[in-house]
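Dock chain B against the given chain A, drawing on the hints supplied.
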Amino acid sequence: MTTTRNVGFGCALLGALACGGTAAGAAEQITFVSQGGAYQQAQTVAILDPSAKKLGITINQDSIPDAWPAIKTQVGSGKPIWDVVDTPTGNCLRGGEQGLMEKLDFSKIPNGAAMPEAYRSPYSVSYEFYSSVLAYSQKTFPKDAPNSWADFWDVKKFPGRRALRNHPFATLEAALMADGVAPDKLYPLDVDRAFKKLEEIRPHITVWWTSGAQSAQLLNDGEVDMEMAWNGRVSAVAKEGAKVSFTYNQGILQSTSLCILKGAPNLATAVKFINEAVDPVHQANLPLHIDYGPGNPKAFETNVIKPERAAQLPSEPSNAAKQALMSYAWWSSPAGEAAEKRWASFMQK
Amino acid sequence: MPTTSVPDPSQKHQRREHALMLALVSPALLVILALIVLPVGWLAWQSVYHDGFTLENYRRVFTEDIYWRSFALTFEISLAVTLIALLLGYPVAYLANSVPKGWSILILALVVLPFWTSVLVRAYAWLALLQRTGVINQFLRYLDVISEPLALVHNTFGTVVATVHILLPFMVLPLYATMQKIPADLMQAGASLGASPSLTFFRVFLPLSMPGVLAGCTMVFVLCLGFYITPELLGGGRTVMVSMLVSRNVELYNQFGAASAVAVVLLVSVLAIFFVVSRFISLDRVLGQK
Numbered sequence: 001m002t003t004t005r006n007v008g009f010g011c012a013l014l015g016a017l018a019c020g021g022t023a024a025g026a027a028e029q030i031t032f033v034s035q036g037g038a039y040q041q042a043q044t045v046a047i048l049d050p051s052a053k054k055l056g057i058t059i060n061q062d063s064i065p066d067a068w069p070a071i072k073t074q075v076g077s078g079k080p081i082w083d084v085v086d087t088p089t090g091n092c093l094r095g096g097e098q099g100l101m102e103k104l105d106f107s108k109i110p111n112g113a114a115m116p117e118a119y120r121s122p123y124s125v126s127y128e129f130y131s132s133v134l135a136y137s138q139k140t141f142p143k144d145a146p147n148s149w150a151d152f153w154d155v156k157k158f159p160g161r162r163a164l165r166n167h168p169f170a171t172l173e174a175a176l177m178a179d180g181v182a183p184d185k186l187y188p189l190d191v192d193r194a195f196k197k198l199e200e201i202r203p204h205i206t207v208w209w210t211s212g213a214q215s216a217q218l219l220n221d222g223e224v225d226m227e228m229a230w231n232g233r234v235s236a237v238a239k240e241g242a243k244v245s246f247t248y249n250q251g252i253l254q255s256t257s258l259c260i261l262k263g264a265p266n267l268a269t270a271v272k273f274i275n276e277a278v279d280p281v282h283q284a285n286l287p288l289h290i291d292y293g294p295g296n297p298k299a300f301e302t303n304v305i306k307p308e309r310a311a312q313l314p315s316e317p318s319n320a321a322k323q324a325l326m327s328y329a330w331w332s333s334p335a336g337e338a339a340e341k342r343w344a345s346f347m348q349k
Numbered sequence: 001m002p003t004t005s006v007p008d009p010s011q012k013h014q015r016r017e018h019a020l021m022l023a024l025v026s027p028a029l030l031v032i033l034a035l036i037v038l039p040v041g042w043l044a045w046q047s048v049y050h051d052g053f054t055l056e057n058y059r060r061v062f063t064e065d066i067y068w069r070s071f072a073l074t075f076e077i078s079l080a081v082t083l084i085a086l087l088l089g090y091p092v093a094y095l096a097n098s099v100p101k102g103w104s105i106l107i108l109a110l111v112v113l114p115f116w117t118s119v120l121v122r123a124y125a126w127l128a129l130l131q132r133t134g135v136i137n138q139f140l141r142y143l144d145v146i147s148e149p150l151a152l153v154h155n156t157f158g159t160v161v162a163t164v165h166i167l168l169p170f171m172v173l174p175l176y177a178t179m180q181k182i183p184a185d186l187m188q189a190g191a192s193l194g195a196s197p198s199l200t201f202f203r204v205f206l207p208l209s210m211p212g213v214l215a216g217c218t219m220v221f222v223l224c225l226g227f228y229i230t231p232e233l234l235g236g237g238r239t240v241m242v243s244m245l246v247s248r249n250v251e252l253y254n255q256f257g258a259a260s261a262v263a264v265v266l267l268v269s270v271l272a273i274f275f276v277v278s279r280f281i282s283l284d285r286v287l288g289q290k
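From first to last, the protein sequence lines stand for chains A and B. Residue 48 in UniProt numbering sits at position 48 of the first sequence; the count goes up by one each step and never skips. Residue 273 in UniProt numbering sits at position 273 of the second sequence; the count goes up by one each step and never skips.
Pulled out of the complex, with its shape left as it was, chain A reads as follows (with noise of 0.2 angstroms):
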């Protein structure tokens, strides 16, 4: 068995007849659903292709960058046509209060059991790490590179110019880790310290950035100095050429989950793939393809990763420590969306 990719959200419109028909004959099979492009990739070789033939069925693909609004349509319409979804471990727990999810049954789940507490919820697991780091021009510091949040907003001793993401995620988080909050005591938030401190350092601030790609092309280009930005995004920039390096000291780990949407056509089998894509060896082929570390930190002790590539991974267990763990249960708490709508104000001040 295989996975088949079908391609698009025009999948998701066209229904189930349309593009289950890949999967005709098989016993079993399920719609999976990531975000596309080189992670999709990557986790099809990694961790799909693999569980598929493992357990026998089909997992057929779907792809949109923005999985949430599609969520809450299907689920609404009363027939959902996808099963499981791999999403900013946000919406899993939103869906989950707003009956958008299944509860997972974790006596089947096994492998995601043994995870620690922390990085599973009552309706999502999570699947992988990345992580919004403090990202620099080795040209503009050659040495004495900034190397805290404290840094970024010290405009004196490391004169430059910045961006930010334009997102209260982990935004508010290195406002306060700046302000000198450590990292395993932000949560819950002090928002209101946190946009204090955010004041301060906004004149400074050329760019606020919305997209990953644009990130990358801020710090390729040298429109910026240094930024927030993705790992992953960093390194792959890096790999280019481009002179640029990041610190995982008080980053902020971010995960992507795997949920089911609520009345999924194929549950029990979603349920056992749930199981199988946390498996720690699936789980040590993700980083072999791509810069995310695995959801599951037992991969780390299956000698798939080699010590030199985990070390560069954001959730392997030293360069952990070093970071904050986002907390999606506040920010998906009436505190934590209060913060997200004050946020848009803050940005047309």
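It is possible that some hints are incorrect.
To be verified - Some chain A residues flagged as far from chain B (calculated, every beta-carbon gap over 10 angstroms):
#1 Lys53
#2 Asp184
#3 Leu186
#4 Asp221
#5 Thr247
#6 Ser327
Stated by the list, open to error - Only some residues are given here: those of chain A computed to face chain B with a beta carbon under 7 angstroms:
#7 Ile201
#8 Trp208
#9 Gly222
#10 Glu223
#11 Ala344
#12 Ser345
#13 Gln348
No lab work stands behind these hints, which were simulated from the structure alone. Quick caveat, the model's predicted, so the values are computed rather than measured. Where a beta carbon is used, it is the ideal one built from N, C-alpha and C, also for glycine.
Okay, now just chain B, sitting in the frame of chain A:
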């Protein structure tokens, strides 16, 4: 349509003809219904319905600061873009109108040429020109005109520059169409009565070209109100135009109702502008006819 008070023996025939016409245009009407009327209706419905009828979304749009600021900024930028496009576009249209046919075709071809490149590519091209390590800053530094790179992009300035570039054809074409219709004899008559070229221009040509000015300004202004990619890429995140507010509401805050309400307010503003303008000039005469 013939207006007759006497009974028309061919009335029945006429009715049949109308029915046939309707049948012939019905595929087009269906397309409009499916692609425009239904989605817009759904949009409007979503803005007032969320577990029951509610005006909450509109209350927010009209009372919350950020919406006001965004609408104000959008109108300011649109106004600036329209004025700059008029100042740049008028001479171009005038030139195209006064040179021999072959040259005017060349000028118009150059005006229309950018349409063959996507808006996204043009926005990135402006980024390459205007950014800190961009062509313009590098050149000025090479000439020693400046020591520090100028902030030409990731602000309102960059947004306006790129938007003007993209919308300029919408100013030039209606202007040119109107100018074409101004009889050259009038200019000669003015000259023969002893007026200087500049006096003829200001007293004769300029007033006669006003419908084109109004049409061009309306087109540019209205299109600018809905601009999205350009301010998103060149605004540096601070230039939040209304269209970006719509996308943020959907992507970040998952509020389809709020996004719909903003979209409906924008749509109504645009329709109102068209309505007001159409009281002064017949838009389709300027835009549709050579």
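Violated constraints from the hint list, given by number and in increasing order: 4, 7
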